[in-house]
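Just so you know, the sequences run in chain order A and B.
Per my numbering, residue 1 is the first one in the first sequence, and the count goes up by one each step.
Per my numbering, residue 1001 is the first one in the second sequence, and the count goes up by one each step.
Worth flagging that the hints you see were computed from the coordinates, not collected in a lab.
Possibly wrong hints are sitting among the right ones.
[Claimed, not checked] Now the in silico label distances, taken between C-beta atoms and shown as ranges:
| id | chain 1 | residue 1 | chain 2 | residue 2 | range |
| --- | --- | --- | --- | --- | --- |
| 1 | B | Thr1002 | A | Ala69 | 44 to 54 Å |
| 2 | B | Arg1150 | A | Ser16 | 17 to 27 Å |
| 3 | B | Asn1271 | A | Pro90 | 34 to 44 Å |
Think of the CB as a built atom: it goes at the ideal place given N, C-alpha and C, for glycine as much as any other residue.
This is what each chain is made of:
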Amino acid sequence: MSVTEKLELFEVFVRSKRGLDHKHVGSLHAEDHEQALEYARDCYTRRSEGVSIWVVKSADICASQEDDADCFYDPSDDKPYRHATYYVLPDPVNNM
Amino acid sequence: MTPEENFMRKIEAEEKIEPKDWMPDTYRKNLIRQISQHAHSEVIGMQPEGNYITRAPSLRRKAVLISKVQDEAGHGLYLYSAAETLGISRSEMIEALQTGKAKYSSIFNYPVLTWADIAAIGWLVDGAAIVNQVSLQRTSYGPYSRGMIRICKEESFHQRQGYEAMLALAKGSPEQKAMAQDALNRFYWPALMMFGPHDSESAHSQKSMEWKIKRETNDDLRQKFIDQTVPQIEVLGLEHPDKALKWNEERGHYDSSDLNWDEFWSVINGNGHCNRQRLEHHIAAHDEGEWVRDAITAYNEKKRAKKAQNAA
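Put together the whole structure using the sequences plus the hints.
As structure tokens, this is what we get:
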């Protein structure tokens, strides 16, 4: 078994600036969380890209399936009234 | 640099404070109080509008109202989660609400008498809330700020749907127009009270401004709302409830009547028309929903047991 097969896959999220959300930037292999955090620092923040890193085991992520997207998001498709632009108001108050 | 100096450095540099940063105890407490109060307001606010879902005048209005109430539930969740990052649990917050230790916006203690009130709530109450929330997008606590940004984006339809419903009534039959005027007369003043007491009377304002939890004072935000509402009332063709309202050229703002602060304090202290009803309903709904929460845990345990059995 190769090294990468023995190591676990982690997903890396970096907060680029205080106040912003952590964003997914990529993944890496590591022995455990601590090691993943160090690798992530070395790999994804070499040019001060971040002020905070999260690492999460890829296996722990439960994701929706893009193939099922149609029926998964279908209930929202016929509700245009959830959008502000749906309501037509007179010009003088349209900045609401 | 001491932790306290470092904290103040971040505040002064307009950097956000994040959950794992050191922060003064009173900053944490102030935030928990403000964010949980905000969350409770979203949740209690569902009651008056929820009551009108079955009485909306058309299928379209009903669908819109359901969407709005759904949003309020979601916004309550965002805010409870933001407060939880400060180390308080959801059940502690709900307990504080139900025992009256924590407050929610007094506006929801006013009775909702007609469909026009629902229109006025969307227009004026959500309108006032948006003025406050736009300002809070720049609050110093990261999770609160991000929650506000999300809420403002989603909520942009709330005020517009209310105004649209109000416009339909104001341009309708004489009876409908009278209903709209009546709703405006009753909700205008409590909407202005949503911004809280005068800055000079506000117990938490000064420290909150210093720490940039709040970015604009109660009185400044209220003025903004007063000014923006004037043309909106004109377009509706309704009478402005404030007879003393007058444009002040020098200030560049409208001068207006002072509010009935005795009423304000009385409603905050539990004596509004609906205070008891709102809390009783919240407690009843929470208790009646207990079997659902129990069922979730029971189902999870059953699933886990089945998995373990299959593995063995």
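Going down the list of hints, with the structure as the test:
{"no.": "1", "hint": "B/Thr1002 - A/Ala69: 44 to 54 Å", "verdict": "holds, 51 Å"}
{"no.": "2", "hint": "B/Arg1150 - A/Ser16: 17 to 27 Å", "verdict": "holds, 18 Å"}
{"no.": "3", "hint": "B/Asn1271 - A/Pro90: 34 to 44 Å", "verdict": "holds, 39 Å"}
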